[in-house]
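Protein chains: 2
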Amino acid sequence: MKTFTKQEIAHLEHLYKINLINSVTGLKSANLVGSISNSGIPNVSVFSSVVHFGSEPPLLGMVFRPTTVARNTYDNIKENEYYSINHIQQSIIKDAHHTSAKYPFEVNEFEQTNLEEEYKDNMYVPFVKNAPVQLLMKYVNEYTIQENGTILLLGEIQKLYVEDDLIHTDGFVDLAKGNVVAINGLDGYVKTELIERLPYQRPKK
Amino acid sequence: MKTFTKQEIAHLEHLYKINLINSVTGLKSANLVGSISNSGIPNVSVFSSVVHFGSEPPLLGMVFRPTTVARNTYDNIKENEYYSINHIQQSIIKDAHHTSAKYPFEVNEFEQTNLEEEYKDNMYVPFVKNAPVQLLMKYVNEYTIQENGTILLLGEIQKLYVEDDLIHTDGFVDLAKGNVVAINGLDGYVKTELIERLPYQRPKK
Chain A
1 MKTFTKQEIA HLEHLYKINL INSVTGLKSA NLVGSISNSG IPNVSVFSSV VHFGSEPPLL
61 GMVFRPTTVA RNTYDNIKEN EYYSINHIQQ SIIKDAHHTS AKYPFEVNEF EQTNLEEEYK
121 DNMYVPFVKN APVQLLMKYV NEYTIQENGT ILLLGEIQKL YVEDDLIHTD GFVDLAKGNV
181 VAINGLDGYV KTELIERLPY QRPKK
Chain B
1 MKTFTKQEIA HLEHLYKINL INSVTGLKSA NLVGSISNSG IPNVSVFSSV VHFGSEPPLL
61 GMVFRPTTVA RNTYDNIKEN EYYSINHIQQ SIIKDAHHTS AKYPFEVNEF EQTNLEEEYK
121 DNMYVPFVKN APVQLLMKYV NEYTIQENGT ILLLGEIQKL YVEDDLIHTD GFVDLAKGNV
181 VAINGLDGYV KTELIERLPY QRPKK
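Residue numbers (the working numbering), protein chains in the order written: chain A, 1 to 205; chain B, 1 to 205.
It should be emphasised that the hints constitute simulated quantities derived from the structure, not laboratory data. Treat each hint with caution, since some may be false.
As the list claims (entries may be wrong) - Cut-off 27 Å, straight-line C-alpha distance, at most; resulting in silico cross-link-like pairs (DSS-like, lysine-lysine):
(1) B:K2 / A:K159
(2) A:K177 / B:K2
(3) A:K204 / A:K159
(4) A:K177 / B:K191
(5) B:K138 / A:K129
(6) A:K17 / A:K6
(7) A:K120 / A:K94
(8) B:K177 / B:K204
(9) B:K191 / B:K204
(10) A:K138 / B:K138
(11) A:K204 / B:K129
(12) B:K17 / A:K2
(13) A:K78 / A:K17
(14) A:K17 / B:K177
(15) A:K204 / A:K177
(16) A:K17 / B:K138
On a predicted model such as this, the values are computed, not experimentally measured, just so you know.
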């Protein structure tokens, strides 16, 4: 196996380092976060850090780096409180990835791509049209990570929209059936295929 | 689309609710966390919440629920400081999933499965033998989430072991080539296939 000590990692060339360290969490969720400023400028941006923090109440976290384009999303969420999380299906990966470009605040990324804005239920929040899973989220709290200034932002699910044929009778949502992708590292997009669901495990006698 | 309001989610039957809410983050990383108590009892447990928090220094977070079997892992990490993260490949998903069974503290999950303990570099930390990516981690800090008592535990990568043929020349680790799986919801395991790596994006002129 190829090995890297802590000291070797610290001295890696920057791009090599971020490719490597972003790869070794395992696969990551692939989402487009939709937000809008109070002045009416929509934003959509790809995130690979959405993670489950609890089901009662339904809380999801996402990580913001201290200085990236993603701060447009952060600023919008702080202004508006409401935002959307939209799962990325295989057919839109190129446009989804393009939202990582560092556009200035006044540019609407929906207009720079073929991603379509969708507004529903009279909410002032842009969703990504045709995403197989869409979540209306509301800001709950944030935790600043002292070690590097990143921010863990927590939101609560306010409303959930899921394509009918993806939901099993027990609530499981079959993301592979919806062609939802995952992210590998900074720039790898993977398609997924359900191997199987495994039963609830009890200790062996 | 099937819709669920916040109020409807709150009143869902418990198992339906946790299946649903655990599915809608998108795909999740699939890792086995190895730990050991100072009294010498190893533990291995599946986690789907490992997330990237930074590359300089290389920080990964994971989420602990307030009251689950996973707390054996938490207690061990607090005692020993060191632990391992091991990516789950397709051939071991049944054993990996079995580590979610609620065994008492004194049971070594390695002995209840075909997962093999591996010790290396004279470190007092069990790794999962033959995992395509193995990380030696050291506890850095933790943040208690006020909203529900979950704990975000941050660790720093101390040493990284990656199968030689998975690393591209720019540091990207091809997890699909290593048969690394992702998790869908609580109990779905998906195989992955790299579609493509997309180039670094700059704003369109």
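Check each numbered hint against the structure and report the violated ones by number, ascending.
Failing hints, ascending: 3, 5, 8, 9, 10, 12, 13 and 15.
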